[in-house]
Amino acid sequence: MKLLSFESSAVSAAVCLTDGEKVVASAFQNCGLTHSRTLLPMAEQLLSNVGLTPKELDGFAVASGPGSFTGIRIGVATVKGLAMGTGLPCVGVSTLEAMAWNLTGMTGTVSCVMDARAGQVYNARFRLNGTGAPERLTSDRALTIQALGEEIGQDGEILVGDGAYLCYTKLTEICPHLVLAPTHLIYPGAYGVAMAALQAFRDGKAVDAQRLDAVYLRKPQAEQMWDRKLNGGTNK
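By the UniProt record's numbering, the letter at position 182 of the sequence shown is numbered 182, and the numbering carries on one by one without gaps.
Wrong hints could be hidden among the right ones.
[Said to hold, decoys possible] In silico EDC-like links for lysine to aspartate or glutamate, alpha-carbon gap of 16 Å or less: (1) K22 <-> D58; (2) K22 <-> E44; (3) K55 <-> D140; (4) K170 <-> D208; (5) K55 <-> E21; (6) K170 <-> D140; (7) K205 <-> D58.
[What the hints assert, rightly or not] Simulated restraints, written as ranges between beta carbons of each label pair: (8) Q154 <-> G105: 18 to 28 Å; (9) T34 <-> A142: 31 to 41 Å; (10) Q154 <-> A25: 21 to 31 Å.
Read the hints as simulated data drawn from the structure, not as lab findings.
Keep in mind it's a predicted model, so treat the numbers as computed, not measured.
Just so you know, even glycine gets a beta-carbon here, dropped at the ideal spot from N, CA and C.
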């Protein structure tokens, strides 16, 4: 099954073409350019390099959240457009679950973390057994870094995601057995999206373009401020 998968939910942008579990081609950028400028051109160049067109694929996948509101919107809109233009099915997968899939082959407990600002992280925890799908231990959630540290405690845990360094710095005193994922796997990549999506396709969870949605655990900051204003709060 040939899937074209996208990851744009954090600072990096990534695209991966897979055939089953095999990587055919991949691209990754973490250079500060906006995803609206990089994501689709990366995909077009990648397909051109392997001599394929979108219509020759079997489907599309995207990390649909949580994460950066703008990044998620761009990724989901890109896949919606491709799926609509080709009539092919698509899948949205949890950004956090995709990070765990990126660590396939490792063992132990992994805490996938993305900086959610205001002292919080988006987080989900998984158990890795070295083979097969990660075992989910928690739902996707937004919680304070302190609360995550209290939950992890003295256990050994692997940190991965764009919030990994932040959590490691703040939590090593109360969580002395934390370790960082290998440097090249810290940031979200599209291979994990592809593997989570492949499982979803096999489970019959693919949808058409109209039914693909972004997943936000919190409202955007502007909406939160507007809600507080409507409820009598101040933003000073």
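Comparing the hints with the structure gives:
A threshold of 16 Å between alpha carbons decides the hint, and for K22 with D58 the separation of about 14 Å falls inside it, so the pair holds. Between the alpha carbons of K22 and E44 the distance comes to roughly 20 Å, so the proposed pair goes past 16 Å and is violated. Between the alpha carbons of K55 and D140 the distance comes to roughly 33 Å, so the proposed pair goes past 16 Å and is violated. Distance check on the hinted pair: K170 and D208 sit about 42 Å apart at the alpha-carbon level, beyond 16 Å; violated.
Between K55 and E21 the CA atoms are separated by roughly 20 Å; this puts the pair beyond 16 Å, and the hint is violated. Of the pairs offered as hints, the one joining K170 and D140 is violated, with about 21 Å between alpha carbons and a cut-off of 16 Å exceeded. The straight-line distance between the Cα atoms of K205 and D58 is roughly 14 Å, inside the 16 Å bound, and the hint therefore holds. Taking the beta carbon of each, Q154 and G105 are about 26 Å apart, inside 18 to 28 Å as hinted.
Roughly 24 Å separates the CB atoms of T34 and A142, a value that falls outside the hinted 31 to 41 Å. Restraint check, Q154 to A25: a C-beta distance of roughly 42 Å breaks the suggested window 21 to 31 Å.
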